[in-house]
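Read top to bottom, the protein sequences are chains A and B. FYI, the numbering for the first sequence is 1 to 285, going by the working numbering. FYI, the numbering for the second sequence is 286 to 622, going by the working numbering.
None of these hints come from the bench; they were simulated from the model.
Heads up, simulated DSS-like pairs for lysine-lysine below, C-alpha to C-alpha not over 30 Å straight-line: (1) K274(A) <-> K236(A); (2) K563(B) <-> K274(A); (3) K342(B) <-> K359(B); (4) K597(B) <-> K61(A); (5) K274(A) <-> K170(A); (6) K274(A) <-> K597(B); (7) K274(A) <-> K593(B).
Partial pick of chain A residues on the chain B-facing surface, computed with a CB cut under 8 Å: (8) I119; (9) E162; (10) L164; (11) V181; (12) Y205; (13) A206; (14) Y225.
Backbone N, C-alpha and C fix where the C-beta goes; we use that ideal spot for every residue, glycine too.
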Amino acid sequence: MHTFASCGTLLILDPDEAGLRLFRSFDWNDGLFDVTWSENNEHVLITCSGDGSLQLWDTAKAAGPLQVYKEHAQEVYSVDWSQTRGEQLVVSGSWDQTVKLWDPTVGKSLCTFRGHESIIYSTIWSPHIPGCFASASGDQTLRIWDVKAAGVRIVIPAHQAEILSCDWCKYNENLLVTGAVDCSLRGWDLRNVRQPVFELLGHTYAIRRVKFSPFHASVLASCSYDFTVRFWNFSKPDSLLETVEHHTEFTCGLDFSLQSPTQVADCSWDETIKIYDPACLTIPA
Amino acid sequence: MQRLQVVLGHLRGPADSGWMPQAAPCLSGAPQASAADVVVVHGRRTAICRAGRGGFKDTTPDELLSAVMTAVLKDVNLRPEQLGDICVGNVLQPGAGAIMARIAQFLSDIPETVPLSTVNRQCSSGLQAVASIAGGIRNGSYDIGMACGVESMSLADRGNPGNITSRLMEKEKARDCLIPMGAARAQSKGCFQAEIVPVTTTVHDDKGTKRSITVTQDEGIRPSTTMEGLAKLKPAFKKDGSTTAGLTVSDVDIFEINEAFASQAAYCVEKLRLPPEKVNPLGGAVALGHPLGCTGARQVITLLNELKRRGKRAYGVVSMCIGTGMGAAAVFEYPGN
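The shape of chain A in the complex, shown without the other chains (with noise of 0.2 Å):
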């Protein structure tokens, strides 16, 4: 299944033998910037909205959403779901420069993050290290958060423009990638946060997210106010894998498959969602 949110309406859609069915879509009165699914529950997922909340959905259930969160004083721009077992931990990235920390069992925050100093756009829970989450902001900084410490454990100043997406490699838990206003993507090993390990041009306008690939170590995606989604090996000189231009908005949402791994969904202004095979990942690299 995949699930998007949209302005006010999230959509659950169904692959078939047609192609893509409208399983079911929920209605909220304020726009939904991100939406991620459960962990323990395959029907359970969360999006947030730009007044403030978050909302727990059951897609067995036509009604909903099952719980409000409001808490934020501004736009919910970011909710993720930890994979850890036996803890159901869920962050969310705020313009209001807060972080929160949630169990979606428990009516109220557990914890609140401060720090940052401008607008957050993207917090993601790092794969491998328990209680580790990452997140980007409109202050120019990618942060690496500790649950347990209830603080903030390194600040990377990576661009010198507002950071509008980050996400871990899933095979080296020291590196995360940001994508920024700059028009450019650029890789972080934890071990050493003075410069970049990679940095990767060819957008000419700001991204908007970029994903690290599932299943291939070294390939990772983004998308962008230049209506392209672009492919990349940060492991080869030449890095651009491809370059999609399907869109005629400004793309802004993007993931890959967990289900097959040449697969990916992309959404758009233009009012369209995407899901294909691109051809970089159906030949083998």
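Starting from the known structure of chain A, fit chain B onto it as the hints suggest.
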């Protein structure tokens, strides 16, 4: 507004260029309808039949006009005396059909207190009628009006240009006004059930025998038409012959461009780089015919019905070339379901 500011802040130009986008008012962005908007409430039309040979070949235009006037008023449950004005587009009747149309009004039991005028701007007459009524509403002359377009190509005398001076031969453009219009046509099937008003009329055969028929569909069905068949039709003009007939293209969903001749419509599509799937999606004059005074009104009805079927907020354009060297176009906004 803050969300817009945040996004604008992401749109810097190339590094060090100092360039920033500026937000400016967008004419296609006005979201709220206002009480001052002029809106098209409803429209109906008769079928279009073949000139000279079809179901309406013996039907006078006042009968056709009266059928749609009655149907429209009944559909919206409007008492005829509530109309502030009627304007009828027509080309071939004497005086643009001023007497014919007034007769149609009375056949439909619209009282004499409702004024009526006719307008002849050649091929755009039907659209001009819409513009005239919209103008009357906008300038506050009345709140509700009816715009129509009607033509009988079968019965009208197309050869009489009226009383004109022989001095017209001294000026090329004046001379060109007399060039006759005509083209071979292929036809294909359209589907317009909701908008067509059935009309019961009589047809005379060769022996003069009268027969009563009810016309419910556009004529011109030739399902065996193929590209090869079309290519064999004699073109109306030689290859290098003379003559013939705040928003951007991407903002418009449908273009109803009158196909006075196939070449003219094809030229528009090519020159303006219009996506072909946006142009005359339900067929144009090549399929349906071009009853001169009626066409503009027909295009408006077809356009608005298709926008309504599609459901979302969208813009549509109605356009035609006009004999004697003019063009006309109108933009309509459908607010969405």
